[in-house]
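A.B. asks: Chains as they are written, first to last, in our numbering: chain A, 1 to 625; chain B, 626 to 854.
Since the hints were made in silico from the structure, they are not lab data.
All residues carry an ideal CB built from backbone N, CA and C; glycine is no exception.
It cannot be assumed that every hint is accurate.
What the hints assert, rightly or not - Below, a list of computed lysine-lysine pairs in the DSS-like style, where the Cα atoms sit at most 25 Å apart: (1) Lys18/A <-> Lys744/B; (2) Lys188/A <-> Lys147/A; (3) Lys721/B <-> Lys306/A; (4) Lys32/A <-> Lys721/B.
To be verified - Label pairs and their in silico Cβ distance ranges: (5) Pro732/B <-> Glu95/A: 51 to 61 Å; (6) Gly685/B <-> Glu8/A: 14 to 24 Å; (7) Leu708/B <-> Asn2/A: 23 to 33 Å; (8) Thr781/B <-> Glu8/A: 26 to 36 Å; (9) Tyr603/A <-> Pro683/B: 50 to 60 Å; (10) Pro683/B <-> Phe36/A: 49 to 59 Å; (11) Asp701/B <-> Gly533/A: 27 to 37 Å; (12) Ser738/B <-> Lys544/A: 41 to 51 Å; (13) Asp701/B <-> Glu95/A: 34 to 44 Å; (14) Arg335/A <-> Val679/B: 29 to 39 Å; (15) Gly533/A <-> Pro753/B: 55 to 65 Å; (16) Thr375/A <-> Asp662/B: 46 to 56 Å; (17) Glu488/A <-> Asp662/B: 37 to 47 Å; (18) Glu730/B <-> Asp40/A: 49 to 59 Å.
Spelled out from the first residue to the last, the chains are:
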Amino acid sequence: MNRFDQPEYRAMLRGVNKPARYTGGELNAVDKSASFFGSDRDRKVHAALCFPDLYEIGMSNLAIQILYALLNGDQDTFCERCFAPDFDMRDYLKENGLPLTSLETGTPLADFDLVGVSLHYELAYTSVLDMLHMGGIPLFNSERSEKDPLVIAGGPIACNLEPMAPFLDLILLGEGEEALPQLIGLVKEKKRQGLDRQAFLASAARLPGVYVPSFYQVDYEPDGRVEGIRSVHPDAADKVEKRLIADLNQAVMPNQPIIPNIEVVHDRMVMEILRGCARGCRFCQAGFTYRPLRERDRGLLFETAKQLIDNTGYEEMGLLSLSTTDYSDLEGLVRSLLPLTGPRHINLSLPSLRLDAFDFDLAREIAKTRRAGLTFAPEAGTQRLRDVINKNISEDDMIRAARTAFLNGWDRLKLYFMLGLPTETDEDVEGIVTLVRKLIAVWDDLPREQRSKRLNVTVSTSYFIPKPFTPFQWARQINREEMAAKQEQLAAGLRDRRVSLRWNDFSSSELEGVLSRGDRRLAPVILQAWQAGAYLDAWHEHFKPELWQKALEQIPGGAGFYRRERSPDEHFPWDHMDVGVNRNFLREEWDKATRGETTPSCYDLCSACGCQVYMTGVCPGGSMS
Amino acid sequence: MTDKKRILLFYRREGAAAWLAHLDTMRLFERALSRADWPLSWTVDAFNPRPELVFALPVGVGIETRRDPVGLTLADGNQAFDLEEAVDRLNRSFPKDIRVVDYQEEPATGKGSLMARVKAARYLLEAPGVGLAFDRTFSGGEPVVMTRQQKKKKVTVDLTPRLFAWQVGDSDQVTLTAGAGSTGHLRIDLLLDSLVQFGGLDPSAARGSRVVRLEVILDRFDPAQGIIV
């Protein structure tokens, strides 16, 4: 029976906000239920693709669309979606003893063969536990029986999921496009041969990119530092190698994405033009873990753009990458797309533009329909500190770009900075003030008739968070007192009615830092925080720092233990992961950072970070070199 | 003065699509029309240009429709537009729970705005005991006064004069004709509340009820006579 014909289902939807988050039924959503559950059911894989946040966030994510298209492209796989319910729906399910279900067919998570979680930020951890629990799946991998689904995870933060290790059966390291179909093949094999979980995990562990956390043992020093992590299973390698798509042109690019029926955060069609980054900003995790930089062919992007426009009807097209201006022929690409987008009233959106390569003629053409603000992300206020973080933007670049922008009618300026970067002093914080004042002076010095009426400057500051697999993985994260002093200094210096200051929340940044460099001892902490009510922690209005503070009392030293600077030879909880970039290179980068020395981009010179062995993309021997 | 072609579409929504809010429905139509390559006329407002697309009567979350009218205007120079073929294309561009079930061309001028032409609407309600509750609430012809929160103030409405006719199919089904549009609109959520409050309808039956808007009546309804003329 159709669920929409059931009074109980209608009553549930009437009891919550935005019920369309939970109903599915969007264009291009796949429902194979009519043909899928026949007598040959044991040959087939029923998978739930989970995103541990609300529908509006998950459906804005390109990874979900890629994996959905990839998995459903196999006729013997039926992949459905499941998102974290908002509090009202969660309460309704609890009060009525109902399980969390998939969107497409309303199947409880516990009834799937495979539950895959796409993990993009650490603050989603409690939501993962919640979804498993609400879906009827035992939380710990050790508690799951043969009838329970396999719980796997992957995504940008898969390079250190140690805090979640006891909850996950298997982790995919790197890009999932190749490994996932192979893994699905093994699940089919498991069902055909009637293998038990352990036998399946052993066969999966032999696949490159697959990490089975229960096959590894972690030993600790008396003070809590990791002494070592070793494989305790014959099929588990000492080091797990990340998976990588050598040729981006061969990777799935969804041209018939699911079109959400309700407004989502990024309500637009998306083309990923580049993967990886050549720049090597020393705080940026994705910039290292997604190396080498690879790009998609311009012709392929043009053809995909045509299909996307016809198939989606969206009003905006986003070109996605870590650094859009590094596309080798961005101008050519954009000029080829404008005749497609213009007549259909489609805005072209180019995030992550670097201003050192900014072409204003081009920008003007893009902005014909709607003019966005000008955004710079210098991250640090002085050239010295920008050299430390290897952020290659000079003050002259910014002043020149701002002048050109103001002369061309721009009147909104957005600046992104980080506080608490390694080696930062009061002078560097003062440097932010000076830089903002210089940019305002550029405006004031222009004759009135040559610029718009009123300037609007937004200064957004976040707090530096040390991340695994970056040169700053050894660095200390600042504490609340230091943060408050820096904030105060900045606020005092930037009292100007044309400037609005925005802060990130410190408590959630601190927690992100704890979890991102965390070890398995944090699993009971996450569990306790969740049991006490932590859920959807990435939402400012739902984040309850006191629950985490309490849970962290389990760890001697608390958050401070994880915030501390690491010694050069300390064993990291993620040292058994191999993302291509090697530890010696990162250590050299850390040493260079402390001396204020920069490192050229991969375009200019190969620094032999370790990824050159892939011989693809921008690396020597690759198509872009 | 203009040779722009005006068209009235009638659409059905059910299943998942019945749970969309009005703005979502509008956006869904805009995108489906774009996918189906309809040459719509766009408003001239340069800041936020939108296609000329008007829904006769916004439909609430959780309400199915059978033939709700949507008016749209084609860009200049589309007099020879093949409407039948275009509607086929449009129907292939919708998610599975939305379909255009009928269409007609409108005269280029006259008749006024689509929203102003809405006179009444017909609904089907399905819930256990709804027939009895309806009779108990409305058969005496007494005022049925309900209050509801409208932003910060409380508004009281008498539902009786807004209810033009009804028929109890069996004890679980009622069809009704009620005021709709800018004046004398009968809100179905308020109606269901009144059935709970005065007719003894089980609140959970009300929450689980099925609500279908069978028809939006344009132009030809005379409420003074209470019949369709």
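A.B. asks: Determine for every hint whether it applies to the structure shown.
C.D. replies: Okay, the hints, checked on the actual structure:
| no. | hint | result |
| --- | --- | --- |
| 1 | Lys18/A <-> Lys744/B | violated, 29 Å |
| 2 | Lys188/A <-> Lys147/A | holds, 15 Å |
| 3 | Lys721/B <-> Lys306/A | holds, 24 Å |
| 4 | Lys32/A <-> Lys721/B | holds, 14 Å |
| 5 | Pro732/B <-> Glu95/A: 51 to 61 Å | holds, 54 Å |
| 6 | Gly685/B <-> Glu8/A: 14 to 24 Å | holds, 20 Å |
| 7 | Leu708/B <-> Asn2/A: 23 to 33 Å | holds, 32 Å |
| 8 | Thr781/B <-> Glu8/A: 26 to 36 Å | holds, 33 Å |
| 9 | Tyr603/A <-> Pro683/B: 50 to 60 Å | holds, 54 Å |
| 10 | Pro683/B <-> Phe36/A: 49 to 59 Å | violated, 37 Å |
| 11 | Asp701/B <-> Gly533/A: 27 to 37 Å | violated, 59 Å |
| 12 | Ser738/B <-> Lys544/A: 41 to 51 Å | holds, 50 Å |
| 13 | Asp701/B <-> Glu95/A: 34 to 44 Å | violated, 57 Å |
| 14 | Arg335/A <-> Val679/B: 29 to 39 Å | holds, 37 Å |
| 15 | Gly533/A <-> Pro753/B: 55 to 65 Å | violated, 37 Å |
| 16 | Thr375/A <-> Asp662/B: 46 to 56 Å | violated, 34 Å |
| 17 | Glu488/A <-> Asp662/B: 37 to 47 Å | violated, 57 Å |
| 18 | Glu730/B <-> Asp40/A: 49 to 59 Å | holds, 51 Å |
In the structure shown, a violation is registered for the earlier hints numbered 1, 10, 11, 13, 15, 16 and 17, in ascending order.
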